[in-house]
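Visitor: In case you want the letters, here they are:
Protein chains: 2
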Amino acid sequence: MLKVLKFGGTSVANLEKIKNVSKIISKQRDEGHDIIAVVSAMSGETNKLLKYAHKLSKKPKKNELDMLLSAGERITSSLLSIVLNEHNYKTISMSGRIAGIVTDDKHTNARIKSIDVKNLKNEIKNGNIIIVAGFQGITYNTNRVSTLGRGGSDLSAVAIAGAIKADLCELYTDVDGIYTTDPRIEPKAKKLNKISYDEMLELASSGAKVLQNRSVEMAKKLNVNLISRSSFTPDVEGTLITKEENIMEKPVVSGIAVDKDQVRVGMFKVSDKPGIAASIFSSLANEDINVDMIVQTVGVDGKTDLDFTIPTNDFEKCKNVMEKFVKDTQKIDYNEFICKISIVGVGMKSHTGVASKAFSTLAQEGINIRIISTSEIKISMIVEEKYAELAVRALHEAYNLDK
Amino acid sequence: MLKVLKFGGTSVANLEKIKNVSKIISKQRDEGHDIIAVVSAMSGETNKLLKYAHKLSKKPKKNELDMLLSAGERITSSLLSIVLNEHNYKTISMSGRIAGIVTDDKHTNARIKSIDVKNLKNEIKNGNIIIVAGFQGITYNTNRVSTLGRGGSDLSAVAIAGAIKADLCELYTDVDGIYTTDPRIEPKAKKLNKISYDEMLELASSGAKVLQNRSVEMAKKLNVNLISRSSFTPDVEGTLITKEENIMEKPVVSGIAVDKDQVRVGMFKVSDKPGIAASIFSSLANEDINVDMIVQTVGVDGKTDLDFTIPTNDFEKCKNVMEKFVKDTQKIDYNEFICKISIVGVGMKSHTGVASKAFSTLAQEGINIRIISTSEIKISMIVEEKYAELAVRALHEAYNLDK
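Respectively, the protein sequence lines represent chains A and B.
My numbering applies: residue 988 is where the first sequence begins, and numbers increase by one.
My numbering applies: residue 988 is where the second sequence begins, and numbers increase by one.
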């Protein structure tokens, strides 16, 4: 098989861990696979460099930040190459440039435009294990180093796997797969063997932090079979994230996610001027505030109550935006002490009663649901934050996820 | 003027020192000069990375060492660019690749083959101060990062200055110029305003450590006017190293250097087999041992005594080579406690009596000269190491260098 293996910052945090990663790679090599490894910077390294930059400038230029930050992955890639050499494996390290990764010119948050796999293919043919510096490419127009933003090394790995048509892309972190829910909340949580891209996307955007949406979206688009697994327990098989057709037995519910980083904004008795809701949401969008769930209730007096949620990160920005709408409503109130519980599963499409079971389960525990929103494969509910763990455990049991 | 300024590792050792360098650059910019700055890695950084590599492998592959080590200069170049931006100077950082530096494929000790100044010229035209990561280029054949070995950033600077026909190349270190002799030995030593390439080369190879021969040789070849000065006292003018024709008043003696890292090898009564000396010196050359001074004395019995000096670094290697010649001589003896005193000056060419003054000065102090060798602009003498400082001070006074 041709495999792309990606190792995150915690997996290469120091020389001992880099040696550990070299063992994972050499074992796979011994099993006969062709390997392209993609590596992050040693954890802490990127933050150290960022701190330097911010000590020198209040607003460092982004193309210079990219020149600076890209050094970290180059260091890891050569060190990993050196330790594999020492054990007589043929290797070659590559910067993003040499690996052929071309991006747009949005420095520090660039998007991959294309990958020229010529060098990668040649070196695979030469029998080399290739170690690619993740998180980086070069801009298509200025030919300068660019970086891909948060989760950038995952993106490098998925994009390379897609471009070179690898059989598998294994993303190694410090977590050994995707669980039915957060095991710190519910110790009976089970690791999933397989999950579809869409379920993974819904779980990730609902608070499961193992994988980032951008890389799962890209994997879906490029049809890359992803595996989420841990470099600290490499003998444990991870979770395969693949297209729905590849999953024979589709569970009604695959997992339950919880997201506490949400604020509920309530507007009471909004005046019935036409277009007022549109005006509110476009003002929020202009400030890049990601509105998640929205509920509108029309009262008998023709006035409406409007409830919506935003990420806690955007709370201050949101309050500023809302000031200009104070006159249009009787009262605006903000509640930080809420959370979003999401139930995700492709089987929902063909099963009824999933939502009603959720509502009755929470009701039995005396938990009020403030907002509900549903998609084809997801039900999300806003409840008071203090009920978060109780709600997760009750739902986990109700859907038999511990079996 | 178009200037290339080079800042060594101690000049950019930490963020405060990088800020200091940015002030030197911005001051020169304010005076109207176009600036290309070439920077080394923050001191300690390269050694840290090397230590990592050697912890992972007994003999790290050289192309991977280059990938690893080249990260250090990239970091400095972006940090320096960022701090200059913060003070509203337009800047752009460049890796060796982008600066157009192409080398042979001798990784870790590459030689510059050519420089494509296209990007450099464009960015000067765009009004940018350019910050180039020194010490690195790319190989002409494999397109991989290469590094230039010891003194590599000086070489980058001189080569760029030559290729782009800069008016000046200023090499900033922690020493403010070239002195008539080491001021730690003779506090009356004077800083030279000007010195010719050839004198500088003789001084450098005779123990003066400020500049490396490779970069002075390149400056001479490319006709680059070099200035040696300090980033810690930027108001002090340094020493101009230039071609002899540019120096109007040629001093008979410009400086006195001392080199204690020498071992004298004495072979007594070498048998008069033809070709024995040739055989000894070619055996030493095969081991890359740099034989410096040689004296041969033929005795009345037809047997010869052979004395020569080698660098202390090569002492062990030399002893191994000499084993096979033990049978050809009555005795081989090694003396580590010697030093080489060199008197350098272009004026010697046209003045007589320079050597005899040296011999009589040392004789007055009761210092025996063991070996003498002379070139057109240099007289070198081997004396006992314990006399090193005394000899330097006596000669410094004899040639009126403190005046």
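Because the hints were derived from the structure by calculation, they are not lab data.
Mixed in with the good hints, there may be bad ones.
Straight-line Cα separation of at most 30 Å, DSS-like style, residue types lysine-lysine; simulated pairs [what the hints assert, rightly or not]: (1) 1100(B) / 1105(A); (2) 1038(A) / 1045(B); (3) 1077(A) / 1045(B); (4) 1004(A) / 1049(B).
Visitor: So, for every hint listed, does it hold in this structure?
Guide: Right, here's what the structure says about each hint:
1. Distance check on the hinted pair: residue 1100(B) and residue 1105(A) sit about 26 Å apart at the alpha-carbon level, within 30 Å; holds.
2. Our distance criterion of 30 Å between C-alpha atoms is broken by residue 1038(A) and residue 1045(B), whose separation comes to about 33 Å.
3. Under the criterion of a C-alpha separation no larger than 30 Å, the hint pairing residue 1077(A) with residue 1045(B) is consistent with the structure, at around 16 Å.
4. Pair hint residue 1004(A) plus residue 1049(B) holds up; C-alpha atoms about 23 Å apart against a cutoff of 30 Å.
Checked against the numbered hints above, the structure violates only hint 2.
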